[in-house]
Amino acid sequence: MRSPFRRRRLPRLHPLLLALLAAQAAPAFAQVVVDGRIDPAEWQGAEHVTDFKVVEPLTGAPSPYPTEAWILATPEGLAIGFRNTQPANVPRTRTRTQRDQDGPVDRVNLMIDYDGDGRSGYNFTLNLTDGIIDATITNERSFSKDWDANWKHAVSEDGDTWSAEMLIPWYVAPMRKGVDGKRTVGIYLDRVIGSTGERVAWPDASFQRPRFLSDFRKLQVAEYSQALLAFTPYATVGYDNISGESHTDAGVDIFWKPNGQMQLTATLNPDFGQVESDNLVVNFGANETFFSDKRPFFTENQGIFEFGTPSDFSQLLYTRRVGGPADDGSGAGDITAAVKLNGTLGAYKYGVFVAEEADEVGRSFSALRLTRDFANQSTGVMVTRVDRPFLDRTATVIGVDHNWRPSQRWNIQNRLIFSDIDQNGSSTTGSGFTTLIEREGDQGWRNQWLFMHFGDSLQINDFGYLSRANLNYGHWQVSHRLTGLPDTSKFNSHDWRWRISATDNDHGLALQRQFRMSLSSQRKDGGNQFAQINMNTAGYDDRILRGHGIVRTPPSWNLFAERYRPRQGKSRWELYGNVNAFRGGLGPNRGIGWSFNLNPTYYFTDSFSVYANFYMESTPQWMVWDHDDLFGTFRERATQFDAGVNWSIGDKQEFRIKLQALGLDAPLRQAWRAGPDGQPIPVNDHIDDFSLSTLGFQIRYRRELAPLSDLYVVYGRGGYLFHELSNDQFDLLNDSFSLRDSEQILVKISYRFER
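Position in the sequence shown counted from 1, then plus 6, gives you the numbering used here.
Don't take every hint at face value.
What the hints assert, rightly or not - Calculated pairs, PhoX-like style, for lysine-lysine (alpha carbon to alpha carbon, straight line, at most 20 Å):
hint, residue 1, residue 2
1, Lys-183, Lys-224
2, Lys-658, Lys-576
3, Lys-664, Lys-300
To be verified - Each pair of labels, with its calculated beta carbon distance range:
hint, residue 1, residue 2, range
4, Leu-581, Ser-231, 46 to 54 Å
5, Pro-72, Trp-455, 23 to 31 Å
6, Val-387, Gly-480, 24 to 32 Å
7, Val-287, Val-616, 44 to 52 Å
8, Tyr-245, Gly-681, 50 to 58 Å
9, Val-243, His-54, 26 to 34 Å
10, Arg-578, Ser-413, 14 to 22 Å
11, Pro-395, Arg-569, 48 to 56 Å
12, Gln-104, Trp-502, 34 to 42 Å
13, Ser-150, Arg-445, 23 to 31 Å
I should point out that these hints are in silico values taken from the structure, not numbers from a laboratory. Where is the CB? At the ideal position from N, CA and C, for every residue including glycine.
Input sequences plus hints: build the corresponding full structure.
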């Protein structure tokens, strides 16, 4: 039967025109499905990388393990694929790890500098068991795992190969606007063989060299931009078993990226990181202990605010100050709100940070960061300000940094710091600078020169962290890396270092002269070992008396060695240990002190492990300040026991037990006072012997509800007891298990909503 509808004859199109229309209608590439399987159709048009080189050991030789990678910019994000060939005689390691947990496991890394200028980068690690690590990279080779991002990942295995796929959304970081629809990024890809510790990479850059981030391969990729608005509210319910009281809390983190060039994060009543636990620290010294920060708001894209110096952990913006101990001693500061804005304006990058604490004693924190990058150098300025009304104190700090890479061999970093403190109507100014010069020579030789000056009146610890001011320091270090060792050797490489250093205070007092020699070795079993000796001349300690004088100290030395051995083959044991011997202190009984640490881990399965850590130390002449210019030397003995359980329950759940207990006793040997020239004078003043016990214990369950959304159930208990001498550190250790200064149960839920 003929259709009632009359068919219209379509015009005949030329075949070339048909082809052009088809090309316009079809996408430039198929969408990458992140399932861990490399589908050639999905990766059409991608940059294909096969030229991987050995960088651990740092030989630059072609990879003995065939490795392929694909790089493809898509509207959804930057897609990376790996196909890794691994022969049967090289075992694959399948230890399951919790987020941001290192381990000797087969893995791949993407490291990217979105602006291609060597200023800051991001590291995305994916291992064979689909565990992930994400970190920021600053100062060429400084990594921080405090940052967490939302990205897609998957792995699969097929015969003698295993594959990995990643998709990194464009909204994870602010980035400069591209040119003519293209973006120039710096890319580094590597693969680590877990059972041997070998690393192959493209390009053959290495964080063992002075330059790393600026040696990434520059690639032009299609420019895409993603907008994102995300809210992450959280709520906690806790019960204090000591007071019998319950408490609740709630807050929200806000993330907004309207375009590729700007990003804003804000927080109202932020989480104080109750689900994390700091390690136990016993500190009788004059220098403050540094702790990292895991609060989500304070880790989100914090790299722009990185302004550190070669001094240990020093930085102008130390986020643990915000919400830290209140100025009136009433406990932790209560953060009302905080805002962070960062982005790019042409060739400039900027960051703005503002945080406000509640109540009349609450502090106000603010910081401004601006950087500018050029072909082979970059410069920046940072200004921080803290208002502390309870102390009638305002602290302003200005920092200027300059990084210069005159050639492939040289890396030079300079920092200038100025502080202005206004307290009770009087003003104090201070300054400091650091210069770090590194040169990569031939045949594994390197040189490093470091100079630091922190003026006596420099003060940055209202918002920043500096272990001490009033310091002049310099060293020259020569290093020699040995690779290409014989096949019969148990080692892949050795790295020797020799250093001479001088330390004075800002008034010209010679604090210490030191010679250091160390040897770091990578083993073919995937483990490593390290040994170091320090020889110190006689000098002065200008910190122990807290401003009440100086103490002349005799020559001293210490010798340290450590060894790490990962699991081998079907073995279920992983071992770490170290020993330390030293001689220091005062008086006629300056015997040799020692410490010993053994940390075995037993894996019942790749997902379930238990560990124990045994630590003992003995210090014949431990110097501890009492008051004014009075201090004592003690016969200190300590025993610490740590233990724990780590259980990865599938892909979304984790269970952890963490125990730390310490017992320490210190009978007095001699009381001392310092003479006008610093010479210690034995006296008969009374100083008490003392002992202490500490405990930290946590049971934590975590379930991932969605990306960056979690449920936590936590039980925590802790205590600290300072008491009279026990004469048995084992009894003190046992006593620590009964401590119960704090005990609480906490339930926390956070959920990220995106649009």
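Going through the hints against the structure:
1. Lys-183 with Lys-224: Distance of about 16 Å is within 20 Å: holds.
2. Lys-658 with Lys-576: With Cα atoms ~26 Å apart, Lys-658 and Lys-576 exceed 20 Å; violated.
3. Lys-664 with Lys-300: holds (17 Å)
4. Leu-581 with Ser-231: 46 to 54 Å: holds (49 Å)
5. Pro-72 with Trp-455: 23 to 31 Å: Given a distance of about 41 Å, which is not inside 23 to 31 Å, the answer is violated.
6. Val-387 with Gly-480: 24 to 32 Å: holds (26 Å)
7. Val-287 with Val-616: 44 to 52 Å: violated (24 Å)
8. Tyr-245 with Gly-681: 50 to 58 Å: With a Cβ separation near 56 Å, Tyr-245 and Gly-681 satisfy 50 to 58 Å, so the hint holds.
9. Val-243 with His-54: 26 to 34 Å: Cβ of Val-243 to Cβ of His-54: about 52 Å, so the range 26 to 34 Å is violated.
10. Arg-578 with Ser-413: 14 to 22 Å: violated (49 Å)
11. Pro-395 with Arg-569: 48 to 56 Å: holds (52 Å)
12. Gln-104 with Trp-502: 34 to 42 Å: holds (35 Å)
13. Ser-150 with Arg-445: 23 to 31 Å: holds (26 Å)
Of the numbered hints given earlier, the model fails hints 2, 5, 7, 9, 10; all others are met.
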